[in-house]
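Trainee: Need the complex rebuilt from these two chains, each delivered in its own frame; the hints are there to steer you.
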Amino acid sequence: MIPFNPCELIQKLCASQVEFIVIGGVAATVHGLDKYTSDLDVVYRRTPVNIRAVVEALKPFNPYLRGAVQGLPFVLDEETVSKGLNFTLVSDLGAIDLLADIPGAKDYDELLEASTMVELCGCQVQVVQLDKLIELKRSAGRIRDFEVLAMLEKLRDINDTGDEL
Amino acid sequence: MPDGRSSIDDIIDLYKKEIDVSLIKENLKLTPDQRLQKLQRMAKFAGEARKAGEAMRQSKRSGSTGQ
Numbered sequence: 001m002i003p004f005n006p007c008e009l010i011q012k013l014c015a016s017q018v019e020f021i022v023i024g025g026v027a028a029t030v031h032g033l034d035k036y037t038s039d040l041d042v043v044y045r046r047t048p049v050n051i052r053a054v055v056e057a058l059k060p061f062n063p064y065l066r067g068a069v070q071g072l073p074f075v076l077d078e079e080t081v082s083k084g085l086n087f088t089l090v091s092d093l094g095a096i097d098l099l100a101d102i103p104g105a106k107d108y109d110e111l112l113e114a115s116t117m118v119e120l121c122g123c124q125v126q127v128v129q130l131d132k133l134i135e136l137k138r139s140a141g142r143i144r145d146f147e148v149l150a151m152l153e154k155l156r157d158i159n160d161t162g163d164e165l
Numbered sequence: 001m002p003d004g005r006s007s008i009d010d011i012i013d014l015y016k017k018e019i020d021v022s023l024i025k026e027n028l029k030l031t032p033d034q035r036l037q038k039l040q041r042m043a044k045f046a047g048e049a050r051k052a053g054e055a056m057r058q059s060k061r062s063g064s065t066g067q
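Just so you know, the sequences run in chain order A and B.
Just so we're aligned: 110 in our numbering is position 110 of the first sequence, and the numbers increase by one with no gaps anywhere.
Just so we're aligned: 15 in our numbering is position 15 of the second sequence, and the numbers increase by one with no gaps anywhere.
Pulled out of the complex, with its shape left as it was, chain B reads as follows (with noise of 0.2 angstroms):
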């Protein structure tokens, strides 16, 4: 590979492309203490969706669900 690039680069650069930088950009206008007191609130609403999920898999696994 030429300038030491590998085809762990290559890879890589196939995935930027994909990338919305736009949600980057944004995250960045918050201090790094804002930022992970988002990622804490992700982290409870993913705890809460779990939940829900696992209620309604619940709820359609006995039939219940009034479909």
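Isolated chain A, as found in the complex (with noise of 0.2 angstroms):
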């Protein structure tokens, strides 16, 4: 069983100059969700540099197909980011989804006017927005994540009426 070590995740993205925006459980942990998450989701940037950072970030960490059988040729480097789009990755850090197009928003320019720079593990991070998040997740249309939805309108309530202490 791999660990989750989402801040040693983040940390090596931000080390190579990554632009990326966390989403998914660890942006709803971040906004204040009891409730744990297995993998980071982050949605990056699609250009050649950043697609280079990506993958120097990564690399070392022995990406792989997440739930893909053992064996298969894959190999994380610029190539394989260029031609595809999103990847479901474990690696030795951790599960990790890289993710360039997800429902709920146009691109990541949309999604980085949605987003909040917040320091986690001593990094400058974009995280979306508590708004876009609960957006995102409609969006994503997943049973699964009702319960999860549920939970982010409730802490949206209570940021709105200032309850939260």
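In short, the hints are calculated from the structure, not lab data.
A virtual CB, placed ideally from N, CA and C, is assigned to each residue, including glycine.
Where hints are given, some of them may not hold.
[To be verified] So, partial list: chain B residues that the calculated Cβ filter (under 7 angstroms) puts toward chain A:
# : residue
1 : Ile12
2 : Tyr15
3 : Ile24
4 : Asp33
5 : Leu39
6 : Met42
Mentor: What follows is the structure, encoded as structure tokens:
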């Protein structure tokens, strides 16, 4: 079982100057949700420079297609990332979803406008805002997200009423 | 559906009734970084719990549980 080390994943992405936005369960955690998640979901900018940075950050940690049979000739390199879009990976630092195209977000820049810089694990990291996170979850339309959506909306209610403490 | 709501909203409302808001409120007392550190600790604990569970099942399979 590979441990999930979200801080180290984030630190490696930052060290390689990857442009990325944290979404999903880790973003929900950052906003205050008390629910365990076992992967880091990030949306990355699709430029050659950034794709190179993504590869530089993750390649040393043996990224592989999550859930795929062992032994496939998968290599996370610039060509693979350029020709793909979304990658569901496992690595020595845990599971990470590298996403470029997600329901509910037109493109990276639109998502960036709905994100906030947060200090995490010693890095300045873009994290999607709560309202947008809810929108993304709703757009995904997955049954397993219903409970999380309810929690996120409760969280928003608490924030809106200033009742957080 | 009135006021732009869908059946999904009704489902989410059902889930909302079961939510322990006190856990969320406790979490909101932490900084974002502290919340992530907490997740990291949970991840570590989950890994250890999984290992312990696997060891327990292995022990049962090999019949050395003393039962």
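Trainee: Is the hint on B:Tyr15 kept, meaning its closest Cβ partner in chain A is under 7 angstroms away?
Mentor: holds (3 angstroms)
Trainee: Hint B:Met42 vs chain A: min CB-CB distance below 7 angstroms?
Mentor: holds (5 angstroms)
Trainee: Holds or violated: is the Cβ of B:Asp33 closer than 7 angstroms to a Cβ in chain A?
Mentor: At 5 angstroms from the nearest chain A Cβ, B:Asp33 passes the 7 angstroms test, so the hint holds.
Trainee: A closest beta-carbon separation below 7 angstroms is what the hint needs, so does B:Leu39 meet it against chain A?
Mentor: Because about 5 angstroms separates B:Leu39 from the closest Cβ in chain A, which is inside the 7 angstroms limit, the hint holds.
Trainee: Tell me if B:Ile24 is really an interface residue toward chain A, meaning its C-beta lies closer than 7 angstroms to one of theirs.
Mentor: B:Ile24 check passes; min Cβ-Cβ to chain A is 6 angstroms, inside 7 angstroms.
Trainee: Identify whether the interface hint at B:Ile12 stands, where standing means a beta carbon of chain A within less than 7 angstroms of its own.
Mentor: holds (5 angstroms)
Consistency note: the structure conflicts with none of the earlier hints.
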